[in-house]
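Please put together the full structure from these sequences, using the hints given.
Protein chains: 2
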Amino acid sequence: MVTPIDPTSAAFLLAENRSQPMHVGGLQLFQPPEGAGRDYVRQMFEQMRDVEAVAPLFLKHPKRSLRTAGQLVWEDDDQFDIEHHVRHSALPRPGRIRELLELCGRLHSTRLAWERPLWEAHVIEGLRDGRVAMYTKTHHALVDGISAMRLIQSVLSTDPDKRGMPAPWGMRASAARSRERSPAVTERDLAEVSVHALQTALGIAAEAAGLPGALIRTLNRSVRNETSALSLYAPRTMFNRSITGSRRFAAQDWPIERLRAIGKASGATLNDVVLAMCSGAVRTYLTELDALPDAPLVAMVPVGLHARQSHVASADGGNAVGAVMCKLGTDLADPAERLAAVHRSMKDGKEALSSMTPVQIMAMSALGQAPAILPPLLRMQGIVKPPYNLIISNVPGPRTTHYWNGARLLGQYPLSIPINGMALNITCTSYDGNMGFGLTGCRRTVPHLQRLLGHLDTEVAALEKAVGA
Amino acid sequence: MVTPIDPTSAAFLLAENRSQPMHVGGLQLFQPPEGAGRDYVRQMFEQMRDVEAVAPLFLKHPKRSLRTAGQLVWEDDDQFDIEHHVRHSALPRPGRIRELLELCGRLHSTRLAWERPLWEAHVIEGLRDGRVAMYTKTHHALVDGISAMRLIQSVLSTDPDKRGMPAPWGMRASAARSRERSPAVTERDLAEVSVHALQTALGIAAEAAGLPGALIRTLNRSVRNETSALSLYAPRTMFNRSITGSRRFAAQDWPIERLRAIGKASGATLNDVVLAMCSGAVRTYLTELDALPDAPLVAMVPVGLHARQSHVASADGGNAVGAVMCKLGTDLADPAERLAAVHRSMKDGKEALSSMTPVQIMAMSALGQAPAILPPLLRMQGIVKPPYNLIISNVPGPRTTHYWNGARLLGQYPLSIPINGMALNITCTSYDGNMGFGLTGCRRTVPHLQRLLGHLDTEVAALEKAVGA
Chain A
1 MVTPIDPTSA AFLLAENRSQ PMHVGGLQLF QPPEGAGRDY VRQMFEQMRD
51 VEAVAPLFLK HPKRSLRTAG QLVWEDDDQF DIEHHVRHSA LPRPGRIREL
101 LELCGRLHST RLAWERPLWE AHVIEGLRDG RVAMYTKTHH ALVDGISAMR
151 LIQSVLSTDP DKRGMPAPWG MRASAARSRE RSPAVTERDL AEVSVHALQT
201 ALGIAAEAAG LPGALIRTLN RSVRNETSAL SLYAPRTMFN RSITGSRRFA
251 AQDWPIERLR AIGKASGATL NDVVLAMCSG AVRTYLTELD ALPDAPLVAM
301 VPVGLHARQS HVASADGGNA VGAVMCKLGT DLADPAERLA AVHRSMKDGK
351 EALSSMTPVQ IMAMSALGQA PAILPPLLRM QGIVKPPYNL IISNVPGPRT
401 THYWNGARLL GQYPLSIPIN GMALNITCTS YDGNMGFGLT GCRRTVPHLQ
451 RLLGHLDTEV AALEKAVGA
Chain B
1 MVTPIDPTSA AFLLAENRSQ PMHVGGLQLF QPPEGAGRDY VRQMFEQMRD
51 VEAVAPLFLK HPKRSLRTAG QLVWEDDDQF DIEHHVRHSA LPRPGRIREL
101 LELCGRLHST RLAWERPLWE AHVIEGLRDG RVAMYTKTHH ALVDGISAMR
151 LIQSVLSTDP DKRGMPAPWG MRASAARSRE RSPAVTERDL AEVSVHALQT
201 ALGIAAEAAG LPGALIRTLN RSVRNETSAL SLYAPRTMFN RSITGSRRFA
251 AQDWPIERLR AIGKASGATL NDVVLAMCSG AVRTYLTELD ALPDAPLVAM
301 VPVGLHARQS HVASADGGNA VGAVMCKLGT DLADPAERLA AVHRSMKDGK
351 EALSSMTPVQ IMAMSALGQA PAILPPLLRM QGIVKPPYNL IISNVPGPRT
401 THYWNGARLL GQYPLSIPIN GMALNITCTS YDGNMGFGLT GCRRTVPHLQ
451 RLLGHLDTEV AALEKAVGA
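The listed protein sequences derive, respectively, from chains A and B.
Mapping of the first sequence onto UniProt numbering: residues 1 to 469, in sequence order.
Mapping of the second sequence onto UniProt numbering: residues 1 to 469, in sequence order.
I should point out that these hints are in silico values taken from the structure, not numbers from a laboratory.
All values derive from a computational prediction rather than experimental measurement.
Just so it is clear, CB atoms sit at the ideal spot from N, CA and C, and this is done for glycine as well.
Hints are not guaranteed to be accurate.
Using C-beta positions, here's what the derived DEER-type ranges look like [as the list claims (entries may be wrong)]:
#, chain 1, residue 1, chain 2, residue 2, range
1, A, Ser157, B, Gln43, 41 to 49 Å
2, A, Arg18, B, Arg258, 45 to 53 Å
3, A, Lys63, B, Arg236, 30 to 38 Å
4, A, Ala291, B, Lys63, 28 to 36 Å
5, B, Val2, A, Asp81, 31 to 39 Å
6, B, Pro255, A, Arg64, 47 to 55 Å
Heads up, incomplete: computed chain A residues facing chain B, CB under 10 Å, no partners named [said to hold, decoys possible]:
#, residue
7, Asn17
8, Arg42
9, His84
10, Gly95
11, Glu102
12, Ile124
Structure (structure tokens):
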């Protein structure tokens, strides 16, 4: 069966090259149930592998069809082999989190081959404390990072005694709801906005690595309007260089209660506190490397759109995001002042965003989804400074403890997509009282990435002290 | 630096697709030296990784160059990252040979991406008996299976106390000798034979998945000549079907002394005994699946060429092979009769081979190296039966115990290339008194591949009994 690929998915496929694989990842840590034997991880792997039927999303692969003049299409893989996609892996000794992050970085560095369905899952044993890890990898042409996490959450349960639960790629009753964006869905969701031309343009844009038409005009307007969501005041930093295809990954979580207390004491949101943590950590990291610019760094922060703004987003919620350019206040020495600067910048950005037209929001959203095609566009416009310095996302997750066939989910950490000119990506997600940070960077462009974890930890304490939380 | 790719290497690159990755592999088992600590495998991995300089062969990757009208060229990888190529892996519990073979099969199933140099090495811990494994994978466009094994042997030593030994991919004094075929070398070696046309034809051939010109004429002659090395009497078997890209690998070794005693008692060569073992094992395997054809199976057996025949081979010996089509006698119930049939067929085949002209030998050699391009050629000629049923190679290795920085090499096992229509490949290599068998098969087309190991073992005993060894 051959089906057309929608323009956004095609853009992700075409923007991919050796230096910027376009897949998102997720790391999950599980605690085996009481009484689990030595063979538990193998059993878990076998349950993941031995699904009765695989959902269509996980069976299709992209192909250039000769019949449609070289256009990309989805085609079902007639040689589908689940053992290629679901794998049982192990960590070398001593089996610390360090070895796990190293393996995840390595797995995340390899492109998914177009000749097979664009996903992989690794059930990983060998953590010395007995926890079990799962790393999953899905091409952005199939799902965005948010949808990927939701897909995995959708097979979990709050009931520790429930068994017989399916793998995320197994076919199930709810599949119709969490299914991939089909062309029909995309067309319906875009129908309210007269942006068919834009949609077509996006397809062409990706081919040419630029975005013409309505989007250019939107961008030009943004360039000339300081109050808009698009900042062009980002300094040059070491993150804004060409990258290689190798990745390093670091992850850790902090109690949301601590972050909330900081927000409460300072009048900031939880998201502001997350951004201020990143700001302080990046400031320390760059200072240590003698590479902190005078001007504050700018983060692109995807934000969820409210009902009034979201008529351009798809029904399943996966794409209902805009982006705010947040000045991080990295020029300020005082943690409380940095937090105040972040809070102000986010407030301004969200107000600017809410006054945008649907077409502008759609354009912003497209930029947020396909940052890879922004830098070439800016070069086309004669703009050589980076539009922002890094991407920081914060995706809310479930608040309660979840289980998969009795195994307790302890934490989850997203792996994102660094791109040329944006070598560092920080994505956070909340779960069961903790905020999990996932830092994905180019191995060469962002040295000693793991130091940022220590700096984040220091920054939480510094913020607590500064605001009296 | 951009250099042209010689036609044979280009053929291997172009013959590659999702179902038939064109890389060879090797599995080595080591015994850590006395007093090795828990961290030994990590140290070994770090020694393998932290080479001072990497040899040119391991730095180049293939690229279609626009400047040369889409022709393939080698280009140095300017983003070379040794950590992508040299990896530290571990086995899941219980860490038996079974888990090791499973991992090797999985690693061997993935294509090497053209965007990086075409090799990988995995230092593997987690075998429960404390042995350390190394799996290496190299594209056939860089080296053939024989050269790949020699490359690894070239860094080993017979001195258990020697230290400071380089990794196989490290630059070293002897690099000039064991270096990749450069275009200059190829041209010099082919100079004696007036086959420049053939060389060009081979390049075109690979593009069109057929072999025109001189090669077709050679083949046509062979088709009409029963005494030639090319057999067209192979029956259809389950091995001669389309394959998928997934592999399964099985390996084991037997004392050469036992095989030699069988040869001595029956007047057969060691290679004849190896072929008879395979014959008996395959016969039992097919009988169990109720799939044994009436006519005997035919194996393509690459053979080394003697001085008189080898003026077409390259200087480093990697390509100095022809091929004999050996009737395996799988129709005969008695092991001794099968061995006699194999011995007769090999003797006839080698005589036919030795009377071939240099161009014919070159053609045979090209077929042996690039079996992937033979079946389409035969279809082009209206021949639909398989030219042979499986490939069985036997490559002599070192006779004495070798070490790498004190780690004793216990055994080595080749992983080969199944192709469409040839789903099973058996490659053997001798080392330190043992004959190591490596069986590589398509996971789907050759079910229960590992059963062949038991059948091989049974066959050794049956041969011993039958010939009174």
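Evaluated hints:
Judged by the Cβ atoms, the range 41 to 49 Å given for A:Ser157 and B:Gln43 holds: they are separated by roughly 44 Å. Range check, A:Arg18 to B:Arg258: Cβ separation about 50 Å, and the 45 to 53 Å hint holds. Our hint of 30 to 38 Å for A:Lys63 and B:Arg236 holds, since their Cβ atoms are close to 31 Å apart. The hinted window of 28 to 36 Å between A:Ala291 and B:Lys63 holds, with their beta carbons roughly 33 Å apart.
Take B:Val2 and A:Asp81: their Cβ atoms lie about 37 Å apart, and the range 31 to 39 Å holds. For the hinted restraint 47 to 55 Å between B:Pro255 and A:Arg64, the CB-CB distance of approximately 53 Å keeps it satisfied. A least Cβ separation of about 8 Å between A:Asn17 and chain B falls short of the 10 Å threshold, and the interface hint therefore holds. Taking 10 Å as the C-beta cut-off, the interface hint given for A:Arg42 holds, the closest approach to chain B being about 7 Å.
A hinted interface residue such as A:His84 counts as satisfied when its beta carbon comes closer than 10 Å to some beta carbon of chain B; here the least separation is about 6 Å, so the hint holds. For the restraint placing A:Gly95 at the interface with chain B, the shortest Cβ-Cβ distance is roughly 9 Å, inside the 10 Å limit, so the hint holds. Nearest Cβ of chain B to the Cβ of A:Glu102: about 8 Å, under the 10 Å cut. The hint holds. Look at A:Ile124: its Cβ gets to within about 9 Å of chain B, closer than 10 Å, so that hint holds up.
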